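First to last, the sequence lines map onto chains A and B. Residue 587 in this note's numbering is what sits at position 412 of the first sequence, and the numbering runs on without skipping anything. Residue 84 in this note's numbering is what sits at position 79 of the second sequence, and the numbering runs on without skipping anything.
It cannot be assumed that every hint is accurate.
Stated by the list, open to error - Mimicking BS3-like on lysine-lysine, the simulated pairs with C-alpha atoms at most 27 Å apart in a straight line are:
1) A:Lys177 to B:Lys109
2) B:Lys79 to A:Lys177
3) B:Lys74 to A:Lys557
4) A:Lys177 to B:Lys74
What the hints assert, rightly or not - A partial selection of chain A residues facing chain B, derived with a Cβ cut-off under 7 Å:
5) Thr631
6) Leu632
7) Glu634
8) Ala635
9) Leu639
10) Gly640
Said to hold, decoys possible - Beta-carbon label-pair distances, calculated as ranges:
11) B:Pro111 to A:Ala438: 58 to 64 Å
12) B:Gln318 to A:Phe644: 55 to 61 Å
13) A:Leu470 to B:Asp170: 44 to 50 Å
14) A:Phe644 to B:Thr59: 17 to 23 Å
15) A:Leu542 to B:Thr222: 51 to 57 Å
16) A:Gly724 to B:Glu200: 50 to 56 Å
17) A:Asn357 to B:Gln318: 36 to 42 Å
18) A:Leu477 to B:Thr59: 53 to 59 Å
To be clear, the hints were calculated from the coordinates, so they are not data collected in a lab. Computed from a predicted model, the values in this text were never measured in an experiment. Note that beta-carbon positions come from the ideal geometry of N, C-alpha and C, so glycine has one too.
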Amino acid sequence: MKRGPALLITFIVCALFAAFFIYPAGMVVKQAFEGPKGFTLEFFAAVFRNPIYREGLWNSFALGAASTLAALAIAFPLALVGHRYDFIGKPALGVLVLAPMILPPFVGAVGIKQMLGVNGAFNAALIEAGWMDATAPYDWLAEGRFVGIVLMIALNLYPILYMNIAAALSNLDPAMEQAAENLGCPPWKRFFRITLPLAMPGVFAGASIVFIWAFTELGVPLVFDYGRTASVQIFDGLKGLDKNPIPYALTSVLLIVAASVFAISKIVIGRSPLGTAPRPKGRSNSLKLRGIRSLACASLFLGVFLLATIPHIGVVMLSLAERWYGTVVPDQFTARHYIEALGNGLVVPSIQNSLLYAGCATIVALLIGLGVAWVVVRSDLKIRGFLDAVVMLPLAVPGLVMAFGYLALSQDGKPFHFLVGPGGSPFLLLVIAYAIRRLPYVVRSAVAGLQQSNPTLEEAAKSLGATPFRTLRRVGIPLIGANLAAGCILAFAFAMLEVSDSLILAQQAQHFPITKAIYTLLSTLGNGTELAAALGVWAMVFLSTAIMGAAILGGKRGGLFKV
Amino acid sequence: MESIRAASVVKSFGTVRALDEISVDILPGELFFLLGASGCGKTTLLRCIAGLETPTSGSIYFGDRDVTKLAPHKREAAMVFQSYALWPHLTVGQNIAFGLEERKVPRAEIKRRVEEALEMVQLPGFGDRSIDQMSGGQQQRVSLARALVVKPKCLLLDEPLSNLDAQLRVEMRREIRRIVKENGLTGIYVTHDQEEALAMADRMAVLTRGKIGQIGTPEEIYRTPRSAYVAHFIGETNIIEGTAIETRDRFALVSTAAGPIAGRITADDWTPVPGENVRLSIRPEAWRLHKEVGDNPVSGRIVERSYLGQRIQYWIETPIGRQQVVEMNPHVIHEPGDEQITLHSRHDDVVIIKP
Numbered sequence: 176m177k178r179g180p181a182l183l184i185t186f187i188v189c190a191l192f193a194a195f196f197i198y199p200a201g202m203v204v205k206q207a208f209e210g211p212k213g214f215t216l217e218f219f220a221a222v223f224r225n226p227i228y229r230e231g232l233w234n235s236f237a238l239g240a241a242s243t244l245a246a247l248a249i250a251f252p253l254a255l256v257g258h259r260y261d262f263i264g265k266p267a268l269g270v271l272v273l274a275p276m277i278l279p280p281f282v283g284a285v286g287i288k289q290m291l292g293v294n295g296a297f298n299a300a301l302i303e304a305g306w307m308d309a310t311a312p313y314d315w316l317a318e319g320r321f322v323g324i325v326l327m328i329a330l331n332l333y334p335i336l337y338m339n340i341a342a343a344l345s346n347l348d349p350a351m352e353q354a355a356e357n358l359g360c361p362p363w364k365r366f367f368r369i370t371l372p373l374a375m376p377g378v379f380a381g382a383s384i385v386f387i388w389a390f391t392e393l394g395v396p397l398v399f400d401y402g403r404t405a406s407v408q409i410f411d412g413l414k415g416l417d418k419n420p421i422p423y424a425l426t427s428v429l430l431i432v433a434a435s436v437f438a439i440s441k442i443v444i445g446r447s448p449l450g451t452a453p454r455p456k457g458r459s460n461s462l463k464l465r466g467i468r469s470l471a472c473a474s475l476f477l478g479v480f481l482l483a484t485i486p487h488i489g490v491v492m493l494s495l496a497e498r499w500y501g502t503v504v505p506d507q508f509t510a511r512h513y514i515e516a517l518g519n520g521l522v523v524p525s526i527q528n529s530l531l532y533a534g535c536a537t538i539v540a541l542l543i544g545l546g547v548a549w550v551v552v553r554s555d556l557k558i559r560g561f562l563d564a565v566v567m568l569p570l571a572v573p574g575l576v577m578a579f580g581y582l583a584l585s586q587d588g589k590p591f592h593f594l595v596g597p598g599g600s601p602f603l604l605l606v607i608a609y610a611i612r613r614l615p616y617v618v619r620s621a622v623a624g625l626q627q628s629n630p631t632l633e634e635a636a637k638s639l640g641a642t643p644f645r646t647l648r649r650v651g652i653p654l655i656g657a658n659l660a661a662g663c664i665l666a667f668a669f670a671m672l673e674v675s676d677s678l679i680l681a682q683q684a685q686h687f688p689i690t691k692a693i694y695t696l697l698s699t700l701g702n703g704t705e706l707a708a709a710l711g712v713w714a715m716v717f718l719s720t721a722i723m724g725a726a727i728l729g730g731k732r733g734g735l736f737k738v
Numbered sequence: 006m007e008s009i010r011a012a013s014v015v016k017s018f019g020t021v022r023a024l025d026e027i028s029v030d031i032l033p034g035e036l037f038f039l040l041g042a043s044g045c046g047k048t049t050l051l052r053c054i055a056g057l058e059t060p061t062s063g064s065i066y067f068g069d070r071d072v073t074k075l076a077p078h079k080r081e082a083a084m085v086f087q088s089y090a091l092w093p094h095l096t097v098g099q100n101i102a103f104g105l106e107e108r109k110v111p112r113a114e115i116k117r118r119v120e121e122a123l124e125m126v127q128l129p130g131f132g133d134r135s136i137d138q139m140s141g142g143q144q145q146r147v148s149l150a151r152a153l154v155v156k157p158k159c160l161l162l163d164e165p166l167s168n169l170d171a172q173l174r175v176e177m178r179r180e181i182r183r184i185v186k187e188n189g190l191t192g193i194y195v196t197h198d199q200e201e202a203l204a205m206a207d208r209m210a211v212l213t214r215g216k217i218g219q220i221g222t223p224e225e226i227y228r229t230p231r232s233a234y235v236a237h238f239i240g241e242t243n244i245i246e247g248t249a250i251e252t253r254d255r256f257a258l259v260s261t262a263a264g265p266i267a268g269r270i271t272a273d274d275w276t277p278v279p280g281e282n283v284r285l286s287i288r289p290e291a292w293r294l295h296k297e298v299g300d301n302p303v304s305g306r307i308v309e310r311s312y313l314g315q316r317i318q319y320w321i322e323t324p325i326g327r328q329q330v331v332e333m334n335p336h337v338i339h340e341p342g343d344e345q346i347t348l349h350s351r352h353d354d355v356v357i358i359k360p
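So here's chain A without its partners, still in its complex pose:
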């Protein structure tokens, strides 16, 4: 790649990031430290002096740590079994365990409440079977709801860890394990001495994303009505944004913790000698299982799938229920909510809005991501490593922080106010926010594709008289088309599911994206919950189609979530 265009792309991307990423995040931090007389630590100290905020921060941290550990406990055995063994139905089961990703976690929270709540389906089943006293049903989600939130988040996010670990394991040269075997190392010892240390980068990469996600999760605590987390406290503090510096300080704390976790995981991954190892070409050494052992592996995957789809089943049943309280399945089924949803003033526009916002954001992310990937892989610029690191930063910054910064900067008279469209339309704001936050997925998949495609294929086109642009169009892009499509579909799916930006930046009902519409419906009296569930089912259908497409196009499911 020529220097000129490479420098131009680098410059444009850095400028965009400075304006729409560094600036809003920096603004939040600045507000947190700026008193009437310049720099102050007073607000910061105030946050830690206030026992309510202290408890909120602690709860958020505990939520993040517990959810990450729980997700790891689910994901690691799955990834390891999938790596080691060939069993019955493995290809299909490998895709099925990714199912949780098709439901926004806070919608899933509605479903899980229906299933595991005091008057939920599970208790009803136990009572019917005579295993539980009908007058003293057990609260599975626990009084503090903390366990329920952890369970919900872990069940929703373990696929990210699973994909990261699976990718790390499949990137291992099978010869490394075979060499250990050959030198007389028994399988269990081989796991601790070879496999686990080599898979650690994948574990850390996935765990840091899951932690940051869970640590700043807004939707699930809101639905569980669990107000004592920092994210909900910030959300509640939005109303008095002009005068109150506390939300800024609280947001800054989240940012600092998240960024530190990201930096630590980067250092750990960076230390690993695997960073530069080429992709192995050796034959995989997964063992073909037969009979009962094959079924055991399959049922592990199936069990996780069933557990993970409890919320989904809850949502689907709720959307079809005439009335559902204290029974295993609803007394009566009806399609009424779907029909009614179509007539609801929120539902149809919100689907249109989400498709528009997420679609445009994906196109923007694709254009930027493709340019960045090309510079990173095919140019010899010294700063390409820096560029690569910069575009991954959105993974380190909680969506809540960004949403908060955008909101503050788009107020009347502030620099981003011009982005607010006529009638308060958040179109541009959301497209930019979604695009920047989902850019890492597009960049990673494009980079992976380019690294695997041989540069001589492009050189051959040039030597046969194709201009650089034509070379890109006829050879470069088609060769990495599958990777690009996979990255785009993920970016699109996550943009459709986005919670914090959507909840905070969309303010008028006619501009609501799906997630905000669902959230609003949930707090509507009457059959609002059922309508929300119906809309949630629509979203599931959209996203499962999209993600299935990504899984098929992406081939091996690894790589997409690598940090």
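Given chain A, work out where chain B should sit, using these hints.
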């Protein structure tokens, strides 16, 4: 048909000088070889000519046109890659048609020329196959057809035969030479295989560490190497240390541990003065074993032999070191032993080079 000229081309990668002031003149219609060990800069030079690398300094000319800064797609220099670089998302026919489409050739003509190209490389009717259905040798020919179909002014080949098995390689040598000559192309061919170069080249350049060791016809390079490196790289040779006694015309008499040996001086710019240290290069087949009398006698004894069918190879211990000797079509086979034998070589076959 176009001449290609590199003038003082330098290419640095960081602190490494891959090409160090290289100048070559390639004549129109010539099949020119760049030969050298891996890492000598031969592929870098080819890529500079193709426009895939930009020289750090120096210029490249196609005819009278300075193309140093010209983008690769404007050079009309089609390249055949070592890995073939066939596009897996296109069929054989689409791969070949690519260059014609970029040149906006009418559809009907593209179809005709693709078929002609497939026939030329002896793959008629393979147009609809996908690339992964083709064997290595077939892929190599598709890649050649793809480069030739655009009727380039010059054809650049980067070790095109290195992935083929021995027999196919020999077959393809003649094939490539025939196609280059029939189409009147100027061809530049990179290889590390000396036999390939000797068999196919009109002229060749031996590169070493980013510099040109020698340029000449295969015969000149083999018969008249100007340095020990070139003598070693092309064919095998015995190198002997000595001191010049006297020089006359382009011949010199050299004193060695086994007595005086006479030979030819090959460098244009150097003549040893009496007393100067020099080196002698004598090819294994230049030593004769059976002549009772002859020039340059050296005595020794056989320490090892190896029988190779059409020829036999001896290692003979002499005062000037262990000499490798090859005899073609041998009818007497000597066994290693203490028996003294005498080697002779013609003055013409001994090359005197600067140490």
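Going through the hints against the structure:
no.: 1; hint: A:Lys177 to B:Lys109; in the structure: holds, 25 Å
no.: 2; hint: B:Lys79 to A:Lys177; in the structure: holds, 15 Å
no.: 3; hint: B:Lys74 to A:Lys557; in the structure: holds, 22 Å
no.: 4; hint: A:Lys177 to B:Lys74; in the structure: holds, 12 Å
no.: 5; hint: Thr631; in the structure: holds, 4 Å
no.: 6; hint: Leu632; in the structure: holds, 5 Å
no.: 7; hint: Glu634; in the structure: holds, 5 Å
no.: 8; hint: Ala635; in the structure: holds, 4 Å
no.: 9; hint: Leu639; in the structure: holds, 4 Å
no.: 10; hint: Gly640; in the structure: holds, 5 Å
no.: 11; hint: B:Pro111 to A:Ala438: 58 to 64 Å; in the structure: holds, 60 Å
no.: 12; hint: B:Gln318 to A:Phe644: 55 to 61 Å; in the structure: holds, 58 Å
no.: 13; hint: A:Leu470 to B:Asp170: 44 to 50 Å; in the structure: holds, 47 Å
no.: 14; hint: A:Phe644 to B:Thr59: 17 to 23 Å; in the structure: holds, 19 Å
no.: 15; hint: A:Leu542 to B:Thr222: 51 to 57 Å; in the structure: holds, 55 Å
no.: 16; hint: A:Gly724 to B:Glu200: 50 to 56 Å; in the structure: holds, 53 Å
no.: 17; hint: A:Asn357 to B:Gln318: 36 to 42 Å; in the structure: holds, 40 Å
no.: 18; hint: A:Leu477 to B:Thr59: 53 to 59 Å; in the structure: holds, 58 Å
When each numbered hint is compared with the structure, no violation occurs for any of them.
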